[in-house]
Amino acid sequence: SQTIHQWPATLVQPVGSPLSLECTVEGTSNPNLYWYRQAAGRGLQLLFYSVGIGQISSEVPQNLSASRPQDRQFILSSKKLLLSDSGFYLCAWSGPGANVLTFGAGSRLTVL
Amino acid sequence: QKEVEQDPGPLSVPEGAIVSLNCTYSNSAFQYFMWYRQYSRKGPELLMYTYSSGNKEDGRFTAQVDKSSKYISLFIRDSQPSDSATYLCAMSEGSWGKLQFGAGTQVVVTP
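Read top to bottom, the protein sequences are chains A and B.
Counting along the first sequence from 1, when you hit position 6 you're at 6 in our numbering, and nothing is skipped either side.
Counting along the second sequence from 1, when you hit position 30 you're at 30 in our numbering, and nothing is skipped either side.
By construction, these hints were calculated from the structure, which means they are not laboratory data.
Please read all numbers here as calculations on a predicted model, not as lab measurements.
Ideal Cβ positions, reconstructed from N, Cα and C, are used throughout, including at glycine.
Computed spacing ranges between beta-carbons, pair by pair:
hint, chain 1, residue 1, chain 2, residue 2, range
1, B, Glu57, A, Asn63, 40 to 48 Å
2, A, Pro8, B, Thr62, 34 to 42 Å
3, B, Arg41, A, Ser67, 24 to 32 Å
4, B, Ser53, A, Pro14, 47 to 55 Å
5, A, Gly41, B, Ser82, 20 to 28 Å
6, A, Asn30, B, Ser82, 33 to 41 Å
7, A, Ile53, B, Pro10, 36 to 44 Å
8, B, Thr62, A, Val15, 45 to 53 Å
9, B, Ser82, A, Ala40, 18 to 26 Å
10, B, Arg77, A, Ser67, 42 to 50 Å
Chain A side only, calculated, beta carbon under 8 Å to chain B, not exhaustive:
hint, residue
11, Gly41
12, Leu44
13, Ala92
14, Ser94
15, Val100
All chains should be modelled from the sequences, with the hints used to inform the complete structure.
What follows is the structure in structure tokens.
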């Protein structure tokens with residue numbers, strides 16, 4: 001069966017510090033990978049998605065970037081965090097074995 | 001105007017009652033419709049999905065899609081305290097991954 005792991009679960013960072021959130025999927029090959037953000041009281045917003053190694057599509061202009069260095073690894077990064085980057089970040093996958101979108105447990109980021 | 005509108009609630013119902021949730025949308029190209037359940041501080045989990053218009057039933061859950069009215073619904077029968085969560089509707093034009101989400105409705109089922 002397929003599983004998705006996301007870490008860290010909770011992160012408190014000062015403004016201007018860097019960020020790295022990591023996500024890995026097990027039990028499948030060549031998944032489509034996604035990063036969503038959920039702000040308080042708002043729906044999920046798609047930030048990035050990737051259909052293959054090294055391929056990244058950005059959905060909204062922002063202070064964040066994404067990378068996919070390996071088939072089942074997806075990383076969300078920032079060089080300098082802003083207060084507005086606070087939120088609940090969710091990695092998700094779809095593809096072989098599960099066409100529907102399946103989410104990880106999420107990473108809660110607080111920027112102070 | 002948001003593409004997907006969903007009443008944030010909270011919606012409080014007594015145990016055993018029917019929970020009725022709905023979303024409206026503006027994009028007539030949406031074809032895939034999903035309902036996710038999200039417990040506090042957890043990732044959303046898929047409850048049901050439907051393609052195009054019609055009804056779909058799975059245990060205590062029934063999903064309805066009315067594309068002519070751009071309106072989708074989720075009904076939960078015989079609600080339980082464990083159904084207390086936020087329910088998110090989501091939809092897409094043709095991709096399983098690039099979804100437009102509603103803001104979510106918080107449901108509280110009281111014993």
